[in-house]
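Here's the letter readout for the chains.
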Amino acid sequence: MSEQSQSEAVKSLEHIAEDIYKQIKDGKIPEMKIPVRTKNNIVFDIRHGVWKYGGNFGHRSAKKLDGAYMLLRTLYMLDFIKDMIEQKKSSTLREMYYISEGWNEAKFHAQDESNNLVEDLEIITRYMREDFKLRPEEDGARVIGNLTINETNRKGVKKRINCRDDVGDSGYTIPYNVEKDKIEFFDVDADFVIAIETGGMFDRLVENGFDEKERAVLVHLKGQPARSTRRFLKRMNEEMGLPVLVFTDGDPWSFRIFASVAYGAIKTAHLSEYLATPSAEFVGITASDILTYDLPTDKLSDRDVEALKAELSDPRFQTEFWTSEIKAMLELKKKAEQQALAKYGLDFVTDTYLPEKLSDMGIL
Amino acid sequence: MADIAEMLAEKQKEISVSEFFERNRHVLGFDSSIKSLITAVKEGVDNALDACEEADVLPEIYVELKKVDDTEYLIVLQDNGPGIVRKNIPKVFGQLLYGSRFHAIRQSRGQQGIGISGVVMYGFLSTGRPARIVSKTKGKSAATEVVLRIDTKKNRPEVISEDAVLWDEVKHGTRIEIHIKGRLVRGKQSVYEYLRRTAIVNPHARITYVENGTTYVFERATETLPRKTVEIKPHPYGIELGTLLKMLKSAKNRKVKAFLTDEFSRVSPSVADEICKKSGIDPSKRPAELSVEDAKAMLKAMKKVKMMAPPSDCLSPIGASLIKKGLKNVMKEYKPEYYVPPVTREPAVYRGNPFQVEVGIVYGGDLPKDRPVEILRFANRVPLLYQQGACALTHAVEKTNWKQYGLEQKGGKGIPSGPAVILLHIASTRVPFTSEAKEAVADIPEILEEVNRALKECARHLRLHINKLQKKKKTSEKFVIVRRIIPEIARKSAEITGKPVPPIDRTITGIMGVLWVDDEAKYRDKGYDVEVKVINYTPKRLKIPLYLDIEPESIEKMEPEGIRDGRGIRYDMDIRSTEELNIKMRLRLEKGEYSMDVYTDKINPVLVVGAEPLPGDWNIETEKVTVRSAEEGVLEE
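Residue numbers (the working numbering), protein chains in the order written: chain A, 1 to 364; chain B, 1 to 637.
Just so you know, the hints here were simulated from the structure itself, not pulled from any lab data.
Backbone N, C-alpha and C fix where the C-beta goes; we use that ideal spot for every residue, glycine too.
Calculated lysine-lysine pairs in the BS3-like style (CA-CA distance at most 30 angstroms, straight line):
1. A/K22 / B/K474
2. A/K25 / B/K543
3. A/K333 / B/K410
4. B/K473 / A/K28
5. A/K28 / B/K471
6. A/K33 / B/K471
7. A/K28 / B/K540
Pairwise CB distance ranges (calculated):
8. A/E137 / B/D525: 57 to 65 angstroms
9. B/K557 / A/N116: 50 to 58 angstroms
10. A/L312 / B/K602: 58 to 66 angstroms
11. A/G102 / B/K474: 28 to 36 angstroms
12. A/L291 / B/Y334: 51 to 59 angstroms
13. A/G102 / B/E223: 55 to 63 angstroms
14. B/K403 / A/N104: 37 to 45 angstroms
Start from the sequences, fold in the hints, and give me the full structure.
In structure tokens, the structure reads:
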């Protein structure tokens, strides 16, 4: 991050404080305008092929207790960020949450609250949290495949790492910052990237040598993927020209994982153009797979059913493929894990399922 | 129990009492082993309460259940009633329906059961063990102990032994020990629950309950005995053919006209004439000579002739203040935040029978929030534990639209849910039950209507209370905003921008926009410390009067000094926007006597929170007027 962009970030934060100050000075009830962050306020950005926030704004006003607290917290938070930048420090989101303990009235009651407010500041200022010297916890999403990168380590030394030969069986760990100043893609000898939801399936593909056999880069998503993982996928897609495939469990929550990789997550829709890979494709598990491969299943819970129904009105899922798969799952009333494929043996997923699906998709 | 008595009398010819008993167990309340214990206790306690009240004694009741083996219990019932004279003991306890006053028309508990002799009978039938009775009457030095069982073939007491014994710890009273087959449970239908509910509607009684060694005491909440009930004669509108025939047969009058005026209430000579005329009966005929056809015609005529409703002073409602005391006494473990002022309706009449409905509601505290409200049903001060769904009292609750009164109700009908308990009491000379088991009140339109009105009246107060809570919550949130958060926002935004802290007055008045009044009182050392805080959160300077409705004589100190005015104290305030006035007072008042209303004038009432507009009668000097009926129920600290 350049000095300049950081001082600009500080300026934009100060601007928020000035705005609140002025409102009080003018005898007004202070408020802040923030885009509504729900599925009802995301629109498709044709230029980038991703979903971003639309034009609906909410007012966070000190007239209500919650709003008043949020305004005060915003001030405390931006003061804290300003201090950090000036002192050339950085902190994790969790550290900041704990620091808020000393903020009296302004302290947070859960880390979600502080994380959300950081995102709010990103939206208002159009800077990213990295500009605010805030970073998430290491989440350790892993990569294995014939991909060579140059990573600038903490000592400022560029290290060349091959993500197959220079790493152990658990692979290369994606750091929280994957921007160009940190990671350069040097070379790749693979045909596609496959992003996998669960660690068990990732390890299965590694053990079966899927990366070498099918010339694939394997990425472990670790559930709902972190920003850096999504950014990493997008860069591989754009800079190395690798198609990205997403392989998850067959349930509504996994569908959302795919949507956040391909279309952008609702929570971070202000960053969709940096994080989403619009050309990513869904491999499975689908409702049709459950039938085609006669997979072992679990019953949909009430929450699952609600989630599926919500997806039917989520603008990101308004494609023929998704509406028919979601409806099929609702009809089946069943869901399946990707590891259910083990019903037909440990090699079934790499020898049969993925080759079949990938050739259908024209990848193999 | 009149109907059972008739049944019994008829059947007696053919079958033994025990057989009759066996056949009618469900009607008599002995249809399950759980219910048998409750029925036994109920008969004993009902009797004891009736006896004590009749003798003007504050009831002191002791109930004990002791497990003998897996299916058998020893029941001990003891009261401080007048006692029973020696020669009557065998009959009272050893003969079914002895002394049943089934002609008497009055409000009593007794009309609801088979009587204590039924319990003796069931105990003997189920365990083979006799009952032991000890009774002592006033002024006697010794008590009488009788051990007896019932000759189930002849319905006659069989005395096994009779002794004079010493019983020094009581002046008078009766103790019964009966072995009985039964099963003891906890829950909505249990002995404990029966006694707890009995305690609610009989706050003049002290009830001690010992269950297998554990003692529960329901303390007395009042020293006042309920008004004695008066016997009345039947009203023609409520009479049935069977009873009329019996009355005609046993009539002492020589003429039908005299019979009508003497034996019925509200039948004047002219009404009697009209009945005779309408039914074509000679008024001078001897009553005993009337045929069944005549009686039928007379009955028909009775219902057509206009006459006054039966007298209702024969009823003895519990009364609003005692319902509240009773509820407070028993519900305190739930720390309810509000006892809605109970409602006692004026007496009404159904089919010639006077009745009266009472309703009480308890709200909030630790009462469960997401479950259906608890409904406590009572008939003539006796708890009804069974058949809740079949009861008119329940039906009236279900038909009420509780949403508009602040309780949840799915689909706008049915039993509402929320942190509340609803008490319903019907007092009548004849409570119309759905069946002989006397567990549910029948759906009589007049009764439904009365219960419904009582519920609505009570529920209105509940709504006021809930509204007040919500308003208070809303304004206290705003208070936090303007007192704590806005100053912080101003300070912090100034700090970040490096500017002086901006004035926040206009922002604050923009958020509040009201004159805020808050009064707080704390009891300390035989008096109250009172603080009245007035903050002007309007954008303008206010020069208006503030009135405190408080007896000037009770004021020991006040700071600043106010002016005596009307029936209280006046302050001529002059407060700039966002400034405040603090009044401190010391009042010499007994604990619980504190109540103060605060009024303002010359300001739009919507701009005031915590004070009411000055009432029109402010200048009328009266004894301390309490206007706070809606707040009466708040638990004293």
